[in-house]
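Letter by letter, the chains look like this.
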Amino acid sequence: MATELTPKTPAASSLPGGTRSAWGGPAPTEGPLRPVDRILPVLAVLAGITVVWYLAAIWLNAPQVIERVFADRPDWTWRELLASTWSMDRPVLPAPHQIALDMFHSVFDWPPDSPRSLVYHAAVTSGATLLGFALGSLLGAVLAVAIVLLPTLERALFPWIIASQTVPVLAIAPIVIVILGSFNLTGLVPKALISMYLCFFPVVVAMVKGLRSPGVFERELMHTYAASKNQTFWKLRMPASLPFLFPSLRVAIAAGLVGAIVGELPTGAQAGLGARLLTGSYYGNTVQIWSALAMAALLGLALTACVSLVERALVPGGRQ
Amino acid sequence: MTSGPGAAEIAPPPIPQNTAVVEVRDLSVIYPAKDQSVVALDRVSLTIREGEFISLIGPSGCGKTTLLRVIADLEQASSGSVLVNGMSSHDARLARAYGYVFQAPALFPWRTVLQNVMLPLEIHGRSAAEGRVIAHDHLARVGLTGFEGKYPWQLSGGMQQRVSIARALGFEPKLLMMDEPFGALDEITRDRLNEQLLRLWEREKRTVVFVTHSIPEAAFLSSRIVVMSARPGRIVEVIESDLPPDRTLEIRETPEFIAIAHRLRVALASGHGH
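So the protein lines, in turn, are chains A and B.
Going by the numbering used here, the residue at position 202 of the first sequence is 202; the numbering climbs one at a time, nothing skipped.
Going by the numbering used here, the residue at position 90 of the second sequence is 90; the numbering climbs one at a time, nothing skipped.
It should be emphasised that the hints constitute simulated quantities derived from the structure, not laboratory data.
If you're wondering where the values come from, they're calculated on a predicted model, not measured in any experiment.
Virtual Cβ for every residue (Gly too), placed ideally from N, Cα, C.
Where hints are given, some of them may not hold.
Quick look at which bits of chain A chain B covers, simulated, 3 or more residues with Cβ under 8 Å [to be verified]:
#: 1; stretch: 132 to 145
#: 2; stretch: 235 to 247
Only some residues are given here: those of chain B computed to face chain A with a beta carbon under 10 Å [what the hints assert, rightly or not]:
#: 3; residue: 111
#: 4; residue: 114
#: 5; residue: 124
#: 6; residue: 147
#: 7; residue: 168
#: 8; residue: 257
#: 9; residue: 265
#: 10; residue: 269
Partial list, computed: chain B residues near chain A (C-beta under 7 Å) [said to hold, decoys possible]:
#: 11; residue: 100
#: 12; residue: 106
#: 13; residue: 123
#: 14; residue: 151
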């Protein structure tokens, strides 16, 4: 700035429009996609995966079927082999319809508060995820604001923030649970803390970037209004950060779900999708593992969709 | 003044003719550098009176934008003094003495057009209801009635810049400063906005300081044109214009206009000789 005669922001900002930030509305050249155009590619991939899955189920399960089921029946046919590989009790790889059926039964055959209901386990995990997400986002936002307001904090904190994410969460989780357990804190709180640990990082990084996104003109505009630091923060920096914040929140809530599930593993937990995964693998119940896994994926999709809904309400024009 | 809502209470009190709004005395701005300091402005003096439309014109690097920015307290003088309404530029900024229009509209994309115009009023502590009335009124004055609920990206570049002018005028500053506001627009849009700006100035009798590098723009808009030269930034000549205030774009074909444009061109060329 000091050596420039006529300080200007980068060339792009002097273009008509001037909305070069992440706020900019939909790209002008591409209209909104029709729902069909949006869903068709997804369905095509789904169909491909399903075919590969069924073939893989034959390939992986066939040796077991031949060895155990057909051991005393050397006259088996290919047709029988196919049917058997897709309907085993404990297959190496269950077929998609087996997983779907197991999910259907564990969702609809039991009341939602029964430990045999997948809904119950999903709810337990969501609770920990949501609490961890709320705490993590809050921590991330507070750290970001502190870093932006006090630039020396950036040099002090950022190395630690990055280092924190290089420690495997699998190593941290048992430690957190043991330590909190010694304070008689079990169940929700330790899981939420592990979830928070994974949530806060993307939020800090994105929010620091977002809070710093306003250009020279916007900041000088506030200066000409003699706006206070507070007003500049709430009327310029904060709203300018939202388009950066929301993508990071989507990442954070998905990471938080992973954290909550990991937090359920070392306790040998009684409840939650992580516990369901653990008991499934303990008893070799592969179908149960896969249906818990599918439930976790659906839950992740639902949670990120919720974040997107909030984004749509708060960010006019949406993301590009 | 127009007879818009609130016109009676926002009319400025009568001010004696020829009051100095901006008083620049021996202003120098030097940017220190390792090898050789850059002299952006070299002992510039200029008095801008109430109701004038002043254009600062000159080649790139002549310090015209720097001069405007020092008056607006966006940049600091190395020596000399600047008074705005008899106050230091810092105090004048805190007293909200001026509106500033940048090269880009700098509208906030999360705010509607109306909310953008209300922004300075919010910051100055006016109530939302009052701000809304004022913003509607000023959007009407720049011909944007009906676009209040749109977002900036839904508007053309020229309309965006009109919103930013309405925003700068919303809190009724006596002084309007504009830094190449139409530089990024096409010539047809620029011509139309020039005419609208002139009507606005004629109607509201505000003092305008306008930075441009376009000779026709300066000649068309100004009551006085300050020609500057580069390295170091100096004032070469000040040219008075006596074109009628109700002029339209057709005046550009008249001998009077062509004479002013010619004097500008000569002054700019002589400035290059330094």
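- Message: For each hint given before, does the structure comply? Return the numbers of the non-compliant ones in rising order.
- Response: 1, 4, 6, 8, 9 and 10
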